[in-house]
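**Q** With the hints as constraints, model all of the structure from the sequences given.
Residue numbers (the numbering used here), protein chains in the order written: chain E, -10 to 175; chain A, 192 to 470.
What the hints contain is simulated information worked out from the structure, not anything from laboratory work. Worth double-checking, as some hints may not be accurate.
Claimed, not checked - With a straight-line cut-off of 27 angstroms between C-alpha atoms, the simulated BS3-like cross-links for lysine-lysine are:
1. E:57 x A:241
2. A:241 x A:220
3. A:311 x E:126
4. E:7 x E:103
Remember, predicted model here, so these are calculated numbers, not experimental data.
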Amino acid sequence: MVHHITTPLSENAAKLLKAGDTVYITGTVYTARDAAHKRLAEIIEAGGEAPFPVCGGIIYYTGPTPAKPGQVIGSAGPTTSSRMDKYTPDLLDLGLRGMIGKGARSVETVEAMKRNSSVYFGAIGGAGALLGSAVIKAEVIAYEDLGAEAIHRLEVKDFPAVVVIDCEGDCLYETGRQRYIEVRDE
Amino acid sequence: MRTIQSEALTEAVKRLCIRANIELPEDVKSCIRVSLKQEDWPFAKGILEKIEENYLIAEKKQIPVCQDTGIACVFLEIGQEAHIEGDLKSAVDEGVRQGYGEGRLRKSVVLDPLQRVNTKDNTPAMLYIDIVPGDKVTVTVAPKGFGSENMSQIKMLKPSDGADGVCEFVIKVVEDAGANPCPPVVVGVGLGGTFDKAAYLAKKALMRPLDARSSISYYRELEEELLQKINRLGIGPQGFGGRTTALAVNIETLPTHIAGLPCAVNINCHVTRHASEVI
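**A** Here it is as structure tokens:
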């Protein structure tokens, strides 16, 4: 199934998304990867506020390349999500609604997703030039000293992704492979 | 003896950093096109089409194919009749600094593995030097992304494990990696030598064009057998299911000790980048 979704993503809208569905995301997403997650975790632990609205938000695990003059952003594809798993359950418990990345997630992350009706989207790894084309505005909003790992606010239009793990914990990495093998071996 | 100024090395490294990150080698593009024809699972075919579209956009806009523009692996084959005037290592790092700056490539290197402060210019390069006959210097820049690098493994197999043990280990590495290294992947296998040399061979195997099979017939057959088995796993493009899990398996070997069979597997994604120049 194909969905055109907008941010912030409501709980009800999230629940309609099933593993294997194609989505086109329009609205605001925030970038954060390893070093930014470490800082976010430290802030949350100290009782402080994250530099962007986590509740209802979507984090995109990416570190874009610098934009050329006249361009909004450079190349901006997903990085491996599992490196963020250590910090993710706490963010999900704060209401984080979605994550865009690539690769498998930990059991703890999937449990926290089910608990909070959150969705994990996969974007095509290694397709940064294509995915950057869906970004219409980009600005650094925090942790500029981290360079490529700074937190960016991105406005995206019809950003292409796939629902990899849905609110019920169903995972395309398992079902997609299984289905393919079943049909192939019939 | 031929003298080469270190500035020429800087210029070459700079140009190659930019070119390698923006334009995929012909053999990789052609391999993606072939896999697109062979893929029979519609969802997987759709992903491969996007992967093709992506490298075309990168070429058109002159931006990096992937945002992980990697750590710069620089291979120098230095002819023993060539003399490089000036500081070779500094010249290479200066080329990386200029290439990653002017090319607007991402700076992804931290100075210390535990302190983790970004060097902000993608230096230092990972330098691999080989001495060869002649008076020329061949420079190859291979930016290496870490989504796939992190999925690489090494194992000291026993001689009795033989070819079956090698196959079993290589397939296990690809299976363990799953969707993480952005399949379809390229699998570099290093066999023999010592613990460290096997890892080096696996990296070097990734430099070989994807349409060039091993020059040793026995290993050529093993490469083909492994590719077939890997593409039966069903992981598919991006791990969403499908035929195309790997584009190629390249094996490089060295003599080894009577007691050992070192086996290293270096995984690369479909953005298998390298560019060369001869000075």
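**Q** Checked against the structure, which of the hints given earlier come out wrong?
**A** none
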